[in-house]
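Chains as they are written, first to last, in the UniProt record's numbering: chain R, 1 to 155; chain S, 1 to 981.
Hints may be right or wrong, so weigh each one.
As the list claims (entries may be wrong) - Take a look, some chain S residues computed to stay more than 12 angstroms from chain R by CB distance:
#1 Gly19
#2 Glu117
#3 Phe118
#4 Glu174
#5 Arg257
#6 Gln443
#7 Arg466
#8 Asn738
#9 Ala757
#10 Arg801
#11 Arg828
#12 Asp913
#13 Arg950
What the hints assert, rightly or not - Label pairs and their calculated CB-CB ranges:
#14 Arg227/S / Ser50/R: 34 to 44 angstroms
#15 Asn775/S / Leu47/R: 49 to 59 angstroms
#16 Ala36/R / Thr261/S: 22 to 32 angstroms
#17 Gly644/S / Lys7/R: 23 to 33 angstroms
#18 Glu48/R / Arg227/S: 32 to 42 angstroms
#19 Glu54/R / Lys747/S: 43 to 53 angstroms
#20 Glu256/S / Val17/R: 28 to 38 angstroms
#21 Ser50/R / Glu40/S: 48 to 58 angstroms
Stated by the list, open to error - In silico DSS-like cross-links for lysine-lysine, where the CA-CA straight-line distance does not exceed 30 angstroms:
#22 Lys29/R / Lys279/S
#23 Lys718/S / Lys18/R
#24 Lys341/S / Lys620/S
#25 Lys918/S / Lys894/S
#26 Lys323/S / Lys18/R
#27 Lys542/S / Lys444/S
#28 Lys894/S / Lys457/S
#29 Lys29/R / Lys18/R
#30 Lys130/R / Lys107/R
#31 Lys323/S / Lys7/R
#32 Lys260/S / Lys747/S
#33 Lys938/S / Lys894/S
#34 Lys323/S / Lys9/R
#35 Lys9/R / Lys672/S
#36 Lys318/S / Lys18/R
#37 Lys130/S / Lys76/R
#38 Lys61/R / Lys279/S
#39 Lys282/S / Lys61/R
#40 Lys508/S / Lys527/S
By construction, these hints were calculated from the structure, which means they are not laboratory data.
Virtual Cβ for every residue (Gly too), placed ideally from N, Cα, C.
Each chain, letter by letter, is given below.
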Amino acid sequence: MAEAISKIKRIEVPESVKQEQDLAEVSRKVSENKEAILKGIDLLAALEESDALETITALIKHREDALENMVQELNKPQYSATLENLSDLFLFLGQLKVEELFYFTDKLNHGMKEARNSDAEETSYMGMIKALKDPDINRSITLLLSFLKGMGKEI
Amino acid sequence: MQDHIVVTINGTEYLAEPGQNLLELINTTDEFVPQICYNESLGPVETCDTCMVEVNGEIIRACGTAITDSMYVNTVIETTKKAQKEALDRILENHELYCTVCDYNNGTCEIHNTVAEFGLEHQSRPFQSKHYQQDNSSSFYRYDPDQCILCGRCVEVCQDVQVNETLLIDWDREQPRVIWDNDVPIDQSSCVSCGQCVTVCPCNALMENSIIGEAGYMTDQSPGLLRSMIELTKKTEPGYGPLFAVSDTEASMREERIEKTKTVCTYCGVGCTFDVWTKDRKILKVEPQKDSPANGISSCIKGKFGWDYVNSEDRLTKPLIRKDDYFQEVEWDEALSYVAKRFNEIKAEHGADSLGFIASSKCTNEESFLMQKLSRQVIGTNNVDNCSRYCQSPATKGLFRTVGHGGDSGSINDIAEAEMVITIGSNTAESHPVLASRIKRSQKLFGQKLFVFDLRKHEMGQRADRFFQPNSGTDLVWLSAVTKYIIDQGLENRTFIDKWVNSFEEYKESLSKFTLEYAEELTGISKNELIEIAKEIASVDKLAICWAMGVTQHQLGSDTSTAISNLLLITGNYMRNGTGAYPLRGHNNVQGCSDFGSMPNFFPGYEKVADDEVRNRYEKAWNTEIPAEPGKDNHEMINAIHEGKLNSLFVIGEDTGIVDANINYVTAAFEKLDFFVVQDLFLTHTAQYADVILPAAPSLEKEGTFTNTERRIQRLYKALEPVGESKPDWIILQDLANEMGYRWNYKHPSEIMNEAASLAPLFAGVSYDLLEGYNSLQWPVERDGTDTPLLFKDGFPFKDRKAKLYPLDFQLQYSTNEEYDLHVNNGRMLEHFHEGNMTFKSPGIVREMPESFIEISTELAEEREIKEGAEVKLTSEAGEATGIIHITDRVRGKELYLPLNANGKSAVNYLTDNRVDKDTNTPAYKEIAVKMEVIKKKGKSPLPDHNHRRGNRQPQKGVQVERKWNRKDYTFPGNVVKQDG
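Looking at chain S on its own, in the form it has when it is part of the complex (with noise of 0.2 angstroms):
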């Protein structure tokens, strides 16, 4: 096999891969080739017919041409010429140029560019309207037929990257048009507005509705007037050159009002990174980049359209204080001096471990590191945690019991790469969009494997290759029967284990009670399924196993979690690309907050307290002596609070008053602190508890760092100022240290990060120099810089380097019974995050999505005599939540699904109790016994008719361009040259 083929192209001669793309190859070089509908991000689409190029003597296109022989290529011989020029005119007849009155024209429109670069001239043939209306039905963008040049990027990113199989082009009509389902408004169809078809799109076909007659000095016009000025451009600037040279100067006087600054979005773990477009305090849009590491081009209906709140009317400006039955504004000073009187004076009173600090996963990494700096060398006690307590606990715990190391073995590459994913507990396309997508996508096209194991039929069940359902809280019972087969049949890794793990027979001898009729008995699969299993995981070389809250928020969430690890080392799914365990991280920076030490039992790093050389180079670093002990969890805080032990509390960015389970015993527990401090961008159900609310700025306010779920560190940038006198979090927490008699003097977050890389070894070479624009660093990250994109590569972070297998028993802990006949389920859903209190305040998302609801089946309907839009009464044990009725066939039997973003009388944590992982206290939220009393039988559908859920996806393998060739009007411009000439 030759390594490199030789291809001549207009005579110099130039080395390329086998099988490498000629356009790919010439984009190489300093020759241009015209090419509007091909993108790094989705390879050759080949329908806009730009790139013709001469090899060996014919005329053909460059981005459909493989290179698999040494070949004479020639671009710019009169032939190809007219090929190229014949292919752009009929573009442009299907697209009108008045960029001077054009939001598009921003430098980056590929017409306008491609046109101006080509030298065309004169328009051969006149533009020719499709004589379709715009599509305007949808909130977030707009199609506009008329502009259209049906190169099909869009419907590319829809069935193939995004893989939601909404966009298709009509090929067959007498006019093709890019169409949603079967032909619907934009709003009716299975859309779920990621805005991935608007970011590819070249030209202003797909627009943002937020850019519209923003982003022009001259665009914003009324319908008839704008019309009038395109004609008058058209009849003004008869040439494009003259045309071209207007509009090029008024798109870079554009550049002096609008602002593009990169951030990183807030709304899940995977960590997307985009520029948003700003002017003053209007978000025109977000705009993904092919270098953003975790998503690339991708995003989600929330990071692409879900900023509104951030110029939220709700918005606290000013400090308040609580005074009898109101909360006075007060200035910065007065409430600082207060805050940090009353912890002296409790701390005084009744010791430093009884106060209490809870950090934000929605704060950077700087600030996590500042809050649990505050707690330990200010106030002197390691009460401080973070709301991962709440869901990723126990997902660390069982890696550190197994492989040493809290995170995602490698990157979301590695899972696009897996030959087999399985992902448990997880509802992937909703919670974790982008990286759902990829997922699909191999699957898709790639042929990967997925195995979903889930109590409700969700999008990835229903795409799944197997789908289970296993009995609620069992998983851990599967996991272990499937790894006991495999063992016992001999399909285990003998190689890796021998090699890289230890405890090998004490765990084999564990296993002994998960036989086959165990397993189907308690989890409802069967024998010949779990065989089934076990032979495919066994047969694959290359698996990942994803996994989410349907695993950790359960009494057995660290053991479970383990058990997912346990099958990784048998089967020797470590160590390599495209294998590996990923826990997905909920929050933004779920990761990030626990790596920079707001956690009770661990400094920055994963570095016990307990450890007196950590502890010592901690108290030697901040001139303070620190407690040995471990300090309280969330959970703890809460019982202590009730308990008469912890009399303050101080929360940043978290509404633990609606997402913490069993919320009446938790607002209760807060109407008995002496003193309670929040602080938050709103007047959260929290902070209404609160003695003073301090007002902080989000993400799109302030400079810092978040960690995915890759263990991913990413800069995010200002994009706007803090509004009123709200700060962000590190500056408020440095102002209190040094109310406090500290001084502290970070003049930006760069100066925390560099504290952090200094003290943590698992951070050490970390710094903002090399985490510049889209830069990113995964740690652990070596003193020289060198990250670590994929862990365990030269074994597990133990003293002989080796893995351990980790022996784990099963009691079932949870059912239903007579009274409390119905399981309750609960998590997220697309359109919002979390318990709401960012995305109900975007117009758009809330029309896509109102309300909440309780979803049951068609079964316990027809049972109970209920309909859609039905009002029931949940009861457990704990408390009552009334809501809608919604029936679907994801939920089977009776298991109910209650989206978490539900705040008023719905709030699932109402029914949840104090029950927790035995091994993290993290609240088992997924097992909730309740019954139903029907208030109302019927009613509206708590649903929208424009929800996408209700669509009809139309599933395709990219555009089909062949259907456009095969048109009866369609000559290929390499004919039509030979035609003419």
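Next up, chain R with everything else stripped away, as it sits in the complex (with noise of 0.2 angstroms):
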């Protein structure tokens, strides 16, 4: 005889047995990782080191609300045109063709050696008339007339 009957009496497992089988769990996957893990202790204590634990510790308890935060301020008008800035120069990057811009900087690198070197103080009307005959300086207001030449052309 047999009676319909509900109710049920779980296993109680005792909290050391839990935690023994916990234990040995945990042991196990440290012996099987055991490089990976020593090298995160590394990475750990690299980090205690700077400091940086504790920054990123508490940047992760506060996530929501430093998501927030970052959030609303970045959607306030004033940056708005930073935020556009930064794309937009992102699109200026790409559109930038680089191997001339070298051609240039080398230039004006060279020119701000000889400029550091200089010790003339001022030149005269006279003077500046006189250095067009430099073929050096000629060389450059020649390439700096093109260039605004070009400028000129795209606008």
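Take each chain as given, in its own frame, and dock them per the hints.
What follows is the structure, given as structure tokens:
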């Protein structure tokens, strides 16, 4: 004779046994992944040394607030231009012809070097006219003029 | 007539079928044309205008063009590109791209993918809100009008695939949107929550609630923050290129934690398959696939949304052993050795036949195979059966008698293809919703004739071209009378009968009793109507008959099933596509559980245990002796317990104490058992009587195969790990056999299938390799792997390859009387499965349908002076049940309907008695006479206000895109290009 019953008595696993089982599982995993874990400890130590660990922990704990603050802040009108610039800047970089830029920057660098070494304090009006005869200066001016010409075509 | 048409696309020539859709042809080439509303499973919807191409110099929609003549198509010249861009811009006016923080960004968003592939870099016109609120009223999904691009796929699928006819687009308002019924919130509408609109939505406008805030790494934010993030996303990502780079990366990161696993649904015999998306143990969504063989993109409320039970707190997680007045949790070792010890003791004391085994139609084929192997090999008895005894054995019997295979003649496609469909005793729209949709679609769009025979005017009855309500249990009579009339008028299919059918004369003789007069008197269907039915049947070329429990659960269930098959033979409706007999199986594996041998008289593949040759084969394979005598079926086992001849019972996954007839008698038997083992997910009503309860794992937590109503074997894969220490049933059975000294060593269910295939010729070629993913096999499967979607193509499996007409008689066995004056009918309802052990654990489903009810007619309510919500007590000769009244016009006169998901005091099986089908012992669940006593005259309606049955359907064909085109503010993108250019 078996009547219908519905009461269940669970196996009570004592806390200590549960802990032992958990520990066994953890130490097995540790042993299986020894290398990775040791490297992980190094990483943690490095983070701790630089105080970064504490900062990251705090940030993760407050990630919701952090995200909200960030997003709200970035959505303010004053950042609007920056954000748009950011992406525009990105596009701008894409359009630059870096090789040609090198040609310019190379010349610029050389010019700056000369400028630093120069001890002349000022140049008179006539001096400037005369200077045009200097082939180095003349080449520089010609380069700038063709640059201005090219730029003008795009305006 | 020419065979093929030459179509030149961008300079290359292709061959098209006459009438082929142009977009479909383009999609077979390497050319890319954007297409957002087009969906292979739905066909052209023509709303999105993105598939603009130039044909013979004119810009048109590719999806709206049928190929009739050879044509020159250009998909790449500037004008088409401009027109395509114009259409995409219009879509993006309606849809905000914030992919990285969108839960739909899982690699399958069709807007995202189209815009990316098209290479659209900038939005020409800004997104504009439609200023409608999100609709969050449904328990299962939400609609966000602001993200909706008005492609109308959801409307197409609701109107023409599911054919529930709830969704529309209101094209006439200034800002069109999708509406439910006559513009009510989703949960106030006729929506049955089948979820197909969500499945076909190309974006995040319609999404499952369960995935919202779960799929993405950054989507689970409070609404305000999410809004801010959307704004930020748009500011930092100016063109679509960078936006997609970020969101695509995030989408692939999601794959790291979201698993997509193919599974087979367990909620009826249709055998829907789909991917289930899980994140840890959370079920994010269920996604049917266009390649799902039985269902395609279709699903119903239970398959799409009803899986919460796997994570229910009530799941059993450790074996339980009865101690006095409680169950004690024990370790597996203890439980198994205890069961093994008791089985051995009882076998030693009373013999092997004093033990009984009941397999589950919810378990896999492999588990059914092992259950009968445990019974036959380890114990040595044929006392093994399964719950098809409660429902489908009579149908199987009727088919064996006449055509030789106990399964559906063809596939669901054949039902859809038939010129005429008759359903008898089948509440198809609620019990087999996806299959019903195929019939509803064929009727609505392709002129299929639908004749419905049932007591209750359920949805199929309401939709039918002709609906008949024969008196309960008299289907055999009208079937035979109609058959007789057809023969008498010479309308039978003479050629077919001469070539393929035996015993015609003998059968014709047996029909003499079934005159029209006799049938009219017994069935209540008039002579004229019977003649009309006969003429209609004789006039159509392809007839399919579907039937279910309304036929089988009667004392003449097998005979009535036989009568159906006789009628099909007389009219030649076998052996061809679009014809045949379709007993609709109720549980996911009711077919397979019997197929794989958990039956007292059959080995796997329906080979008789009494057949020496067959038995020897198994004895040799299993190195054992098996009794030649068939064992006891379920019903006989319960009787044998009462007689003291059966001492031990092992029941897997079946709440026998609720679902068997006359449960007072059944549970009284449980109390008499010496030893009772139940293996289940939950502490069911039945398990409460057990001595040992073994915790099993449901379909999502294991591998195996199910066989659906089409005889289709399909694989399920493991989506989740078993909860706690529960185990898949096949592992438990193997552990138990090994505990009893056997050495079963199956490492995977595929090895069990291999054994079954090697022993049962019906499954000779079945192997897991052929069943990978969405592949399937319909038995019989030959050794080389050839399967049989359509049975009997080359004859019937009898010696001379001919079918048999089987003579029948009829005696009315049941009717109501003066004391027990009401007839109780019973069956399923859409929202719940069976007794509800699984579906009542889904909060969404419970909200839809929180309790059961007793459905009565308006006439009866008036006569007894009761109102909606009244409480009554029903008393039959076997017992009594109480419940709440729901008054409808679906039932008439003195007929009541009681859904079988009621498991408390309303359980219908308190009322059913021991009457059974004379040939199969299937309980005559449908033959209950009761009297009704009023406890309370009125009360709260058991049907919630938000139940779909209170909705208001809005039938129309498709999305009615012409109404969009006729709007004053609509210009065809092709014309815009012309204006500009």
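Status of the hints after comparison with the structure:
For Gly19/S, the non-interface assignment is confirmed: its Cβ lies about 49 angstroms from the closest Cβ of chain R, beyond the 12 angstroms cut-off. A cut-off of 12 angstroms between C-beta atoms confirms that Glu117/S is not in contact with chain R; the least separation is 22 angstroms. Consistency note on Phe118/S: stated as away from chain R, and its beta-carbon is indeed over 12 angstroms from all of that chain's, at 20 angstroms minimum. No Cβ of chain R comes within 12 angstroms of the Cβ of Glu174/S; the nearest lies about 31 angstroms off, and the non-interface call holds.
Interface exclusion of Arg257/S from chain R stands, the closest Cβ pair being 18 angstroms apart, more than 12 angstroms. Interface exclusion of Gln443/S from chain R stands, the closest Cβ pair being 47 angstroms apart, more than 12 angstroms. The beta carbon of Arg466/S sits about 48 angstroms from the closest Cβ of chain R, which is more than 12 angstroms, so the claim that it is off the interface holds. Interface exclusion of Asn738/S from chain R stands, the closest Cβ pair being 24 angstroms apart, more than 12 angstroms.
Consistency note on Ala757/S: stated as away from chain R, and its beta-carbon is indeed over 12 angstroms from all of that chain's, at 39 angstroms minimum. For Arg801/S, the shortest C-beta to C-beta distance to chain R comes to about 53 angstroms, beyond the 12 angstroms cut-off, and the non-interface label holds. At the 12 angstroms boundary, the C-beta of Arg828/S stays outside the reach of chain R, the nearest C-beta of that chain being 26 angstroms off. Annotated as non-interface, Asp913/S keeps its C-beta farther than 12 angstroms from every C-beta of chain R; the closest such distance is 21 angstroms.
No Cβ of chain R approaches the Cβ of Arg950/S within 12 angstroms, the least distance being about 36 angstroms, so the stated non-interface status holds. For Arg227/S paired with Ser50/R, a C-beta distance near 37 angstroms keeps the hint of 34 to 44 angstroms intact. Taking 49 to 59 angstroms as the suggested C-beta distance range, the pair Asn775/S and Leu47/R conforms, at roughly 51 angstroms. Take Ala36/R and Thr261/S: their Cβ atoms lie about 29 angstroms apart, and the range 22 to 32 angstroms holds.
Here the CB-CB span from Gly644/S to Lys7/R is close to 29 angstroms, well matched to the stated 23 to 33 angstroms. Judged by the Cβ atoms, the range 32 to 42 angstroms given for Glu48/R and Arg227/S holds: they are separated by roughly 38 angstroms. Against the hinted window of 43 to 53 angstroms, the Cβ-Cβ separation of Glu54/R and Lys747/S comes to about 50 angstroms, which satisfies the hint. Taking 28 to 38 angstroms as the suggested C-beta distance range, the pair Glu256/S and Val17/R conforms, at roughly 35 angstroms.
Restraint check, Ser50/R to Glu40/S: a C-beta distance of roughly 56 angstroms satisfies the suggested window 48 to 58 angstroms. Only pairs whose Cα atoms come within 30 angstroms are accepted, and Lys29/R paired with Lys279/S is accepted, the gap being roughly 23 angstroms. At roughly 28 angstroms between alpha-carbon atoms, Lys718/S and Lys18/R fall within 30 angstroms of each other, so this suggested pair holds. Using a Cα cut-off of 30 angstroms, the hinted pair Lys341/S and Lys620/S holds, with the two alpha carbons roughly 26 angstroms apart.
The suggested pairing of Lys918/S with Lys894/S holds, with an alpha-carbon distance near 26 angstroms, which does not exceed 30 angstroms. A threshold of 30 angstroms between alpha carbons decides the hint, and for Lys323/S with Lys18/R the separation of about 25 angstroms falls inside it, so the pair holds. Of the supplied pair hints, the one linking Lys542/S and Lys444/S holds, its CA atoms being roughly 17 angstroms apart against a limit of 30 angstroms. Straight-line distance between C-alpha atoms of Lys894/S and Lys457/S comes to about 14 angstroms, which keeps the hinted pair within the 30 angstroms bound.
Proposed proximity of Lys29/R and Lys18/R is supported: the alpha carbons are some 17 angstroms apart, at most 30 angstroms. A hinted pair counts as satisfied when its Cα atoms are at most 30 angstroms apart, and Lys130/R with Lys107/R qualifies at roughly 22 angstroms. Distance restraint check for Lys323/S and Lys7/R: the Cα-Cα separation of roughly 10 angstroms lies within the 30 angstroms cut-off, and the hinted pair is therefore satisfied. Of the pairs offered as hints, the one joining Lys260/S and Lys747/S holds, with about 24 angstroms between alpha carbons and a cut-off of 30 angstroms not exceeded.
Using a Cα cut-off of 30 angstroms, the hinted pair Lys938/S and Lys894/S holds, with the two alpha carbons roughly 19 angstroms apart. A hinted pair counts as satisfied when its Cα atoms are at most 30 angstroms apart, and Lys323/S with Lys9/R qualifies at roughly 10 angstroms. Among the hinted pairs, Lys9/R with Lys672/S is consistent with the structure: their alpha-carbon atoms are about 24 angstroms apart, no more than 30 angstroms. Between Lys318/S and Lys18/R, the direct Cα distance comes to roughly 16 angstroms. Compliance with the 30 angstroms bound is thereby established for this hinted pair.
Between the alpha carbons of Lys130/S and Lys76/R the distance comes to roughly 25 angstroms, so the proposed pair stays at or under 30 angstroms and holds. Annotation: proposed proximity of Lys61/R to Lys279/S holds, straight-line Cα distance about 23 angstroms (limit 30 angstroms). Proximity of Lys282/S to Lys61/R is assessed by CA-CA distance (about 24 angstroms); at most 30 angstroms being required, the pair is judged to hold. At roughly 20 angstroms between alpha-carbon atoms, Lys508/S and Lys527/S fall within 30 angstroms of each other, so this suggested pair holds.
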